[in-house]
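So you can see what is in the structure, the chains are spelled out below.
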Amino acid sequence: MPKRLMIVDDSPVMRAFVMRAISVAGLPPCGMVEASNGLDALVKLRTRASGIDLILTDINMPVMDGEGFLAELKMDPALAEIPVIVVSTDSTEHRVGELLRLGARDYVRKPFPPEKLNEVLRGVFPEWSKETAPCR
Amino acid sequence: MPLTDLRDEALRSACETAVLEALETMFFELTVAKAEVIGGSSQGARIGMANFGGSLTGALCVAVSDGCPRRMAAEFLGLEDDQVGEPQEQSMVAELANVLCGATMSRVEPSGHLRIEQPVLGAAPANCQGPWLMFPLANGSLEVTVYYGEPS
Numbered sequence: 001m002p003k004r005l006m007i008v009d010d011s012p013v014m015r016a017f018v019m020r021a022i023s024v025a026g027l028p029p030c031g032m033v034e035a036s037n038g039l040d041a042l043v044k045l046r047t048r049a050s051g052i053d054l055i056l057t058d059i060n061m062p063v064m065d066g067e068g069f070l071a072e073l074k075m076d077p078a079l080a081e082i083p084v085i086v087v088s089t090d091s092t093e094h095r096v097g098e099l100l101r102l103g104a105r106d107y108v109r110k111p112f113p114p115e116k117l118n119e120v121l122r123g124v125f126p127e128w129s130k131e132t133a134p135c136r
Numbered sequence: 001m002p003l004t005d006l007r008d009e010a011l012r013s014a015c016e017t018a019v020l021e022a023l024e025t026m027f028f029e030l031t032v033a034k035a036e037v038i039g040g041s042s043q044g045a046r047i048g049m050a051n052f053g054g055s056l057t058g059a060l061c062v063a064v065s066d067g068c069p070r071r072m073a074a075e076f077l078g079l080e081d082d083q084v085g086e087p088q089e090q091s092m093v094a095e096l097a098n099v100l101c102g103a104t105m106s107r108v109e110p111s112g113h114l115r116i117e118q119p120v121l122g123a124a125p126a127n128c129q130g131p132w133l134m135f136p137l138a139n140g141s142l143e144v145t146v147y148y149g150e151p152s
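Just so you know, the sequences run in chain order W and A.
The opening residue of the first sequence carries number 1 in the working numbering; numbering runs sequentially from there.
The opening residue of the second sequence carries number 1 in the working numbering; numbering runs sequentially from there.
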């Protein structure tokens, strides 16, 4: 069954770039849900039977930033087990350490090539290692 | 408060590395000649600026010369040039400022605390009076300036 990914970023072009990077990274087919900030993501996760398998989130966003989103997510028993990958420009040791402490699975620093997403996502979904069909 | 700008070799090196990495990995674009230091941004360029605070405070401005924003946005989004509109060009320039700011300052202050504000579009502010780094591209240029100081 195809995985469903949520991309949380206030920049529409960055959401489009991440979706493009996933599509050209040689990963299996997957569905995409977009959210423009942490609060938007929480509303979509809680009000839909979304079945999200993985969340890719930015940090610096209006309304609710990535740290607030991660903290809320991990306190919600229905959502806490969804793996979260942070995709952000801020890669200082302080920020990365704080996000990993809050429960992020991994961290991808912008700028990144599509191959980096391939590597990180296959780490979350080991079963993908047997599949090579590109996602279109 | 004394400001550090691109006259500082370490900052210039961090900025150059960040720009070349971003161009190659996210825009699939290579420079056509070595970067050079210039006095100011080109007339008519699209300018994006990202302010930042934390253990250091300052701003990074990026100027993309005429002809480049549409093609760069198309590469960034995997579209044809004629599929890209003005809003996408503007968003791309803003996101470029955000990405370059984080990539540069994370190299300058890897153990520090950084918080980048929402990037804005428009003219370079008065504080961006230091030198710029100009990266020649096939159809124009990308220019960047950055400065920082201790928080007050």
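Read the hints as simulated data drawn from the structure, not as lab findings.
Here a beta-carbon is modelled for each residue, glycine too, at the ideal position from N, C-alpha and C.
Don't take each hint at face value.
[To be verified] Lysine to aspartate or glutamate pairs mimicking DMTMM-like chemistry, simulated, CA-CA at most 25 Å apart:
no., chain 1, residue 1, chain 2, residue 2
1, A, K34, A, D5
2, A, K34, A, E24
3, W, K3, W, E72
4, W, K116, A, E21
5, W, K116, A, D82
6, W, K116, W, E98
7, W, K116, A, E24
8, A, K34, A, E9
9, W, K116, A, D8
10, A, K34, A, D8
11, A, K34, A, E21
12, W, K116, A, E75
[Stated by the list, open to error] Listed next, the stretches of chain W that the computed footprint assigns to chain A, with coverage defined by at least 3 CB atoms under 8 Å from CB atoms of chain A:
no., segment
13, 13-22
14, 84-98
15, 103-112
Now for the hints, and whether the structure bears them out:
no. : hint               : result
1   : K34(A) <-> D5(A)   : holds (20 Å)
2   : K34(A) <-> E24(A)  : holds (14 Å)
3   : K3(W) <-> E72(W)   : holds (23 Å)
4   : K116(W) <-> E21(A) : holds (13 Å)
5   : K116(W) <-> D82(A) : violated (29 Å)
6   : K116(W) <-> E98(W) : holds (22 Å)
7   : K116(W) <-> E24(A) : holds (14 Å)
8   : K34(A) <-> E9(A)   : holds (16 Å)
9   : K116(W) <-> D8(A)  : violated (31 Å)
10  : K34(A) <-> D8(A)   : holds (18 Å)
11  : K34(A) <-> E21(A)  : holds (14 Å)
12  : K116(W) <-> E75(A) : holds (18 Å)
13  : 13-22              : holds (count 5)
14  : 84-98              : holds (count 8)
15  : 103-112            : holds (count 4)
Consistency with the previously given hints fails for numbers 5 and 9, ordered from lowest to highest.
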